[in-house]
Amino acid sequence: MTDFTADDYRTPTPVYRRVQINGRAAQALETGRVRLMITGMVFSLAFLTVGARLVDTMLLSGGAEPRAPVAMTSAESDGMRAEITDRHGNILATTLHVASAYADPKLVIDPVEAATKLTSVLPELDYEKLVADLSSDRRFVWLKRGLTPRQHYEINRLGIPGVAFQTEEQRIYPLGPLTSHVVGFTDVDGRGIAGIEKRFDEQLARGDEPLALSIDIRLQSLMHDELSRQVEKFDAIGGAGMILDVRTGEVLAMVSLPDFNPYTPGSVPAETRFNRNTLGVYEMGSTFKIFNTAMALESGTSTLGDSYDATRPIRVGRFTINDDHPKARWLSVPEIFMYSSNIGSVRMALEAGAERQQEFLRRIGMMSPSPVELPEVGAPMVPNPWRESTTMTVSFGHGIAVSPLQLATGVSAMVNGGILHSPTLLRRDPGEPVPGTRVISDQTSDIIRRLLRLVVEQGTGRQADAEGYLVGGKTGTAEKARAGGYARKSLMSSFIAAFPMTSPEYVVFVMLDEPKGIKETYGYATGGWTAAPVVRRVIEQMGPMVGIAPIDANRPDIREALAIDQLIPKGSQLASYSN
Amino acid sequence: MIRLPTLVVMALIAAASALVFRTSYEVQALEDQLDALNRSIVMEQESIRVLRAEWAYLNQPSRLREMAEKYSVLAPVKPGQIISSLDEIPMPLPGAPAMAGIPLPGRKPAALPAGPTLVADAAEPAEPARPAADEGRRPPTAPSRTPAQSFAVAPADTPVDVLLASFRQRLSAQEISQ
Chain A
1 MTDFTADDYR TPTPVYRRVQ INGRAAQALE TGRVRLMITG MVFSLAFLTV
51 GARLVDTMLL SGGAEPRAPV AMTSAESDGM RAEITDRHGN ILATTLHVAS
101 AYADPKLVID PVEAATKLTS VLPELDYEKL VADLSSDRRF VWLKRGLTPR
151 QHYEINRLGI PGVAFQTEEQ RIYPLGPLTS HVVGFTDVDG RGIAGIEKRF
201 DEQLARGDEP LALSIDIRLQ SLMHDELSRQ VEKFDAIGGA GMILDVRTGE
251 VLAMVSLPDF NPYTPGSVPA ETRFNRNTLG VYEMGSTFKI FNTAMALESG
301 TSTLGDSYDA TRPIRVGRFT INDDHPKARW LSVPEIFMYS SNIGSVRMAL
351 EAGAERQQEF LRRIGMMSPS PVELPEVGAP MVPNPWREST TMTVSFGHGI
401 AVSPLQLATG VSAMVNGGIL HSPTLLRRDP GEPVPGTRVI SDQTSDIIRR
451 LLRLVVEQGT GRQADAEGYL VGGKTGTAEK ARAGGYARKS LMSSFIAAFP
501 MTSPEYVVFV MLDEPKGIKE TYGYATGGWT AAPVVRRVIE QMGPMVGIAP
551 IDANRPDIRE ALAIDQLIPK GSQLASYSN
Chain B
1 MIRLPTLVVM ALIAAASALV FRTSYEVQAL EDQLDALNRS IVMEQESIRV
51 LRAEWAYLNQ PSRLREMAEK YSVLAPVKPG QIISSLDEIP MPLPGAPAMA
101 GIPLPGRKPA ALPAGPTLVA DAAEPAEPAR PAADEGRRPP TAPSRTPAQS
151 FAVAPADTPV DVLLASFRQR LSAQEISQ
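Chains A and B, in that order, are what the protein sequence lines are.
Read in this note's numbering, the first sequence has 357 at position 357, and its numbers run on one by one without any break.
Read in this note's numbering, the second sequence has 62 at position 62, and its numbers run on one by one without any break.
Any given hint might turn out to be false.
[As the list claims (entries may be wrong)] Okay, derived cross-link-like pairs now, BS3-like style, lysine-lysine, Cα gap no bigger than 27 Å in a straight line:
hint, chain 1, residue 1, chain 2, residue 2
1, A, K144, A, K117
2, A, K489, A, K516
3, A, K233, B, K70
4, A, K480, A, K519
5, A, K117, A, K129
6, A, K233, B, K78
[As the list claims (entries may be wrong)] Per label pair, the in silico range of CB-to-CB distance:
hint, chain 1, residue 1, chain 2, residue 2, range
7, A, Q458, B, P90, 26 to 34 Å
8, B, V73, A, D104, 25 to 33 Å
9, B, M43, A, G266, 31 to 39 Å
Calculated from the structure, these hints are not laboratory results.
Every residue gets a Cβ at the ideal spot worked out from N, C-alpha and C, and that includes glycine.
Bound conformation, chain A alone (with noise of 0.2 Å):
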């Protein structure tokens, strides 16, 4: 059509017009050709697409869900808050799926048949009310939030249109009230907001491993159910008890009474929330006197055969310093310690200075807040300036107010051989060496070894004494200070123990707020009445739990270890009355 040859130029008239007319015939054809062969283009473009997508979808599966070639690995891949557990895997905390069962009025055909249908798998529906309630114009009713898994299945059964469900999660806590200040709780909307569920919140919302706490249930039932009975026979406010592992710093049982049900923390008021072994802070008394004589035997100020005149009371400014059973003679360091003498402990603060005294405080943690993973730890109070008087109250336990926690921490590093480990509410492997600071002399923890086994044999603790486990105490009995001074019978009565002297492993720390004295006890309220029986009930009872065997506290051998005279040098005694 486009080839001129010269032929069409020589003879250009019919042959020409011809070719004008079929040329405009073929522009109409060309045209006709180019539409067809764009609409088959467009036609097998189309083709073409469905094709691939056909091919795509059946054989690539695009567009499909994703597939999921892996199995679920762990029960705690599932997004759950993760559980909390006790040291040997009892679950302290848990987060479970639960349904709740909702309506929708609107789609309820009949509200009587609908609630004599729910009442009888959910009896304790109000039968009026949920009438009422199908009855009205709102969209959405709760009928029960939590139900079980067969009150689910049932509800389900009965096929009434307009109910249905929602999965929520609920944070259970299976054994109640009993870890409550520990675990503590969390809100609506699973965040912790209390104790550990508050400290590892970012950890227990990430969901992986359960996390294992240094606290043993059985132990902490055991001090709960001996705490909460003498609490009650005493009419105290409350009470406080704690065991610690000697050699590591874990925290086996804490309790504070009263307590709270994990669910409803709201209901209680916050004095009950409050746990006393961390927030709560207290001038702890005599049991202040074990750091007193270790921090005198090791600045080497008194030595186990000096002797101090407790003769007299000491007055300071409008005050006077007393003993509560007042021997009126020169006592030993032993004799100080076993009848708990306040004055012979001024004495011998005294003699070491408040330097010695200050540096060795802060040495065991006594002057800042424990660093256990609570978020609910109270600051010591400590008295700025540091006078002389404050010197001489603080060696028998007034004038500085700690938590029980950092008592039975310092405690712990007296009796252990001198060891300082931070308490810990987390388990410790046991692999896993402890880390430790030596705050005093190996030679030191064997005396206060020995002078806290004396306390129990023959001094105020003897209610402490569990026959075979060689408990070493001392007992606290501290006036609860009010505005403008002392309040005489309100009391804070503490015991603090070890167990089995010759080799501690376990301290016990018990303490009644107010306890009131009664004709069993000869109307006394001290430590040595409330708290130490608590002490001996405990140790009797976990002795077999933890493995330690009874020994024959008279063995000539295990005498000779605890017996504090022998390490008192002969005639020593003359020499200290110059003093």
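Go by the hints and put chain B onto chain A.
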């Protein structure tokens, strides 16, 4: 027009597509199966969580103590009852009856606690000989004072959720539902 190679190629294409479709359907079926499996794994995991929570609830130390007091004659071990080494056991005197009267440390043999101990068992009179006619009807040994007979715990097949229901009710059901 249609030549042999074309036929062969067409046959091959048909065979290949058939194979591909078959494989594709097989894979789909397998994937459905995998989905179902994954779903049931998740369900099992849920149940495991529920059961673990229930286990923890049922193993509350206070509950175990209650049950032990109710159903068992055992009591917490007293220090005097524990023999920690062989040295604490004295050699038996010649002619002494076996097992009876081992002195427990820190305790006079006469002051043994009342209750079923080894000693008490041994002291029980042997069962009187029965007439031969009775042999067939009575069980060969009828333990006279086993505490097991007084056991009245929930049957082993009590459904989990029934137990869970009681668990929830006791842990303040109202609060959970509000």
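Structure-based check of each hint:
About 14 Å separates the Cα atoms of K144 of chain A and K117 of chain A, which keeps this hinted pair within 27 Å; it holds. In summary, the hint linking K489 of chain A to K516 of chain A is supported, as the alpha carbons are separated by about 8 Å, within the 27 Å threshold. As the CA atoms of K233 of chain A and K70 of chain B are separated by approximately 24 Å, the hinted pair is consistent with the 27 Å bound. Between the alpha carbons of K480 of chain A and K519 of chain A the distance comes to roughly 23 Å, so the proposed pair stays at or under 27 Å and holds.
A threshold of 27 Å between alpha carbons decides the hint, and for K117 of chain A with K129 of chain A the separation of about 14 Å falls inside it, so the pair holds. The suggested pairing of K233 of chain A with K78 of chain B holds, with an alpha-carbon distance near 24 Å, which does not exceed 27 Å. Between Q458 of chain A and P90 of chain B the C-beta distance comes to about 31 Å, which sits within the given range of 26 to 34 Å. Range check, V73 of chain B to D104 of chain A: about 58 Å between beta-carbon atoms, so the 25 to 33 Å window is missed.
Under the hint 31 to 39 Å, the C-beta atoms of M43 of chain B and G266 of chain A, about 34 Å apart, fit the expected range.
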